[in-house]
Amino acid sequence: MSLVDVLNVTKEYANGEETIRPLDGVSLSIEEGDYVSLMGASGSGKSTLLNLIAGIDQATSGEINVAGTEITKLSRGKLADWRAAHIGYVFQTHNLIPVLTAYENVELPLLLLPMSAAERRKRVEIAMEAVDLTSRASHYPRQMSGGQEQRVGIARAIVANPTVVVADEPTGSLDDETTEQILQLLSRVNDELGMTLLMVTHDADAGKRAKRQIRLERGRLMENGKETTSAHLRTA
Amino acid sequence: MFKFVPYVLKSLWRHRARTLLTVSGTAVALLVFCFIGSVQQGLLALTSDASADRTLIVFQENRFCPQSSRLPQDYGGTIAKMSGVRDVVPIKVFTNNCRASLDAIVFQGMPPEKLTTARDLSLTSGSMGSFAQQDDAALVGADVATRRGLAEGDKFTIGDVSVVVRGVFQSSVAAENNLIYTHLEFLQRARGANDVGTVTQLEVHLADGVDPDHVAKQIDQEFRSGPVATTTRTKGMFQADTLGDLAELIGFVHWLGYACVGLVLSLVATTTVMSVQDRIKEHAVLQTLGLRPLRVFRLVLIESVVLSTLGGILGVVGSVLILSSTGMSVAAEGVTIAFEPSAVLAVQGLIVSLAVGILAGLAPGWHASRTEIVPALRHA
Ligand SMILES: Nc1ncnc2c1ncn2[C@@H]1O[C@H](COP(=O)(O)OP(=O)(O)OP(=O)(O)O)[C@@H](O)[C@H]1O
Ligand SMILES: [Mg+2]
Chain X
19 MSLVDVLNVT KEYANGEETI RPLDGVSLSI EEGDYVSLMG ASGSGKSTLL NLIAGIDQAT
79 SGEINVAGTE ITKLSRGKLA DWRAAHIGYV FQTHNLIPVL TAYENVELPL LLLPMSAAER
139 RKRVEIAMEA VDLTSRASHY PRQMSGGQEQ RVGIARAIVA NPTVVVADEP TGSLDDETTE
199 QILQLLSRVN DELGMTLLMV THDADAGKRA KRQIRLERGR LMENGKETTS AHLRTA
Chain A
5 MFKFVPYVLK SLWRHRARTL LTVSGTAVAL LVFCFIGSVQ QGLLALTSDA SADRTLIVFQ
65 ENRFCPQSSR LPQDYGGTIA KMSGVRDVVP IKVFTNNCRA SLDAIVFQGM PPEKLTTARD
125 LSLTSGSMGS FAQQDDAALV GADVATRRGL AEGDKFTIGD VSVVVRGVFQ SSVAAENNLI
185 YTHLEFLQRA RGANDVGTVT QLEVHLADGV DPDHVAKQID QEFRSGPVAT TTRTKGMFQA
245 DTLGDLAELI GFVHWLGYAC VGLVLSLVAT TTVMSVQDRI KEHAVLQTLG LRPLRVFRLV
305 LIESVVLSTL GGILGVVGSV LILSSTGMSV AAEGVTIAFE PSAVLAVQGL IVSLAVGILA
365 GLAPGWHASR TEIVPALRHA
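Top to bottom, those sequences are chains X and A. This note's numbering applies: residue 19 is where the first sequence begins, and numbers increase by one. This note's numbering applies: residue 5 is where the second sequence begins, and numbers increase by one.
Here chain X stands alone, though its shape is the one from the complex (with noise of 0.2 angstroms):
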């Protein structure tokens, strides 16, 4: 079995009369160590189906397995356990804690997991290194550029060594000097610490630096103008 296996998943939104179906069946296979690009015009569902592997929103029907675990049957609190265990988020617009050092917010994920202060403190020093921060240990969101805040957003997504990354267009609001780090940053993460990464993005430039290149059309998930499948069914 692949890490990640979508089968089958369709995400329906009521909208009164009428039903919008972002996702229709779509099937997928993401490997160990990946860098998957999922692209797609705006509106097309991509951050529905980044949202259901990340297991913060519910597919209508279908079957997600990560890792070995299927988690369209998890209940809400077991899903945030297997998010704080397997998932790390980088949003596009970072979602740094306010009130939190850049220290502070790259150890949160850390704090959700059974873990000494000193093996949390070497790993957050060890994630702040790879994004280049360490002098920025002390400094509030408020008092760090765009870029900085990204970097900081990327160290606490991959602080727990999570099984799978996924990142929600997260270079959509970065000029593109500081677009151009964090994609280098992201093929890092995936090259030198072995991540398996799944991008969100609109950028067709961007979407080429990964591995893998997906689309999202009319609720299809399309790859070198095939639909894609998951191993699992093919096995099946």
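Each hint should be verified, as a subset may be incorrect.
The list that follows gives simulated cross-link-like pairs (lysine-lysine, DSS-like), each with its CA atoms no further than 25 angstroms apart [claimed, not checked]: (1) A/K159 <-> A/K118; (2) X/K244 <-> X/K229; (3) A/K7 <-> A/K285; (4) X/K140 <-> A/K7; (5) X/K96 <-> A/K285; (6) X/K96 <-> A/K7; (7) X/K140 <-> A/K14; (8) A/K285 <-> A/K14; (9) A/K85 <-> A/K118; (10) A/K221 <-> A/K85; (11) X/K226 <-> X/K244.
Residues of chain A clear of chain X, computed beta-carbon distances all greater than 10 angstroms [said to hold, decoys possible]: (12) L25; (13) D107; (14) T274; (15) L293; (16) I362.
I should point out that these hints are in silico values taken from the structure, not numbers from a laboratory. Every residue, glycine too, gets a C-beta built ideally from N, C-alpha and C.
Since chain X is already given, all that's left is putting chain A with the ligands on it; use the hints.
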């Protein structure tokens, strides 16, 4: 779970103006709550004091203000011979204000030798000896001394009564600390020749195991046909009757205490609701990172509890300081209610603020924990 306490405190600090207003509002409300509680405790202490049941007060029938009760002093001799009576203390009461007042001065004149046996006073200055030797000497209760700034050796005059302070005392009975003791004869003469040979009340101390009601009936029976008829009640009953109107008022005021609790509840709840609404997105981010909904609930609860207990502590400490430093009291018709701080009241205040904090955090906390992550993340 305490790992997130710094985050909660920092969040409160971020909105320090709001936090400060809520905490100070809570503090004021709890100060009033404790104040009201101390008035009620003072009233309760009068009627539930150990001596309240074992002591009878003989008063002139149908009289309330001490000035208007005149019993022949020799009634005391008659009562002393009755069975079950251990001791009789003749007392002359003089007060500058019969109506309910926050600054009434109440004199009790009694024979000096009786003062040592009938009362449990410990002198903080002066001596019993110098009091006994001087006709116009006075022993002043600690609270009066504080209120009026009186010290040993001071002379002072209230109405027709001029005395010299020969000691300041502290009594275990809070209300006593608001009294001034003088010699009986002195107070009788000070009020004009008319008063010699009469007393305001007779305090009858009963032997153990004697039924107070029975003796009281016996006394009233004895003097029914005498020159002055009497009404005899236990000390507790006497004080409750005398303070009747005031007690009713105080009973009513305790609703204000509940109103204070309600006020704190709405104040803390409002602030907590605002803080939750401010942070819909932040809570969604925390949930995305893996905070369980229950944990978000607890964070909100901790926040409201911190707000209310902080205010509670300030209010309780403030009330204890004020009550213990001012020695305030209210008196009517010669009976005094002392406002005393007490550990029970302080603990009560803290428990109330803690409980209110929990209560105030329940709804906002539940709301925060039920928030759907994805829509909340889209929240501006
Ligand atoms: N709570 C909701 N209720 C109704 N419709 C919704 C809701 N959330 C999302 N949608 C709809 O689902 C579709 C997919 O939304 P989604 O956010 O996944 O798109 P997207 O591909 O990420 O778009 P963008 O590139 O603009 O971020 C959109 O048409 C959106 O309007
Ligand atoms: Mg999107």
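Between A/K159 and A/K118, does the CA-CA distance stay at or below 25 angstroms? Distance of about 24 angstroms is within 25 angstroms: holds.
For a C-alpha distance cap of 25 angstroms, please report whether X/K140 and A/K14 respect it. holds, 24 angstroms
Measure nothing beyond the straight line between the CA atoms of A/K7 and A/K285; if it is 25 angstroms or shorter, mark the hint as holding. Answer holds: A/K7 to A/K285 is near 21 angstroms, not above 25 angstroms.
Does the structure keep X/K244 and X/K229 at a Cα separation of 25 angstroms or less? Given pair X/K244, X/K229 holds - Cα atoms ~16 angstroms apart, limit 25 angstroms.
Need the status of pair X/K226, X/K244: alpha-carbon distance at most 25 angstroms? holds, 17 angstroms
Confirm or reject the statement that A/T274 sits farther than 10 angstroms, beta carbon to beta carbon, from all of chain X. Since the minimum Cβ distance to chain X is about 21 angstroms, A/T274 lies beyond 10 angstroms and the statement holds.
Just double-check A/I362 for me: nearest Cβ-Cβ distance to chain X has to come out over 10 angstroms. For A/I362, whose nearest Cβ neighbour in chain X is about 21 angstroms away, the distance exceeds 10 angstroms, so it holds.
Would the hint linking X/K96 and A/K7 be met if the CA-CA limit is 25 angstroms? Roughly 20 angstroms separates the two Cα atoms, so the pair holds.
Please work out if X/K140 and A/K7 have their alpha carbons no farther apart than 25 angstroms. holds, 17 angstroms
Holds or violated: X/K96 with A/K285, Cα cutoff 25 angstroms? The hint holds at about 21 angstroms.
Distance restraint between A/K221 and A/K85, which requires alpha-carbon spacing of 25 angstroms or less: Measuring from Cα to Cα gives roughly 15 angstroms; hence the hint holds.
Report holds if the minimum CB distance from A/L293 to chain X is greater than 10 angstroms, and violated otherwise. Check fails; 5 angstroms does not lie beyond 10 angstroms.
Violated hint for the displayed structure: number 15, the only one.
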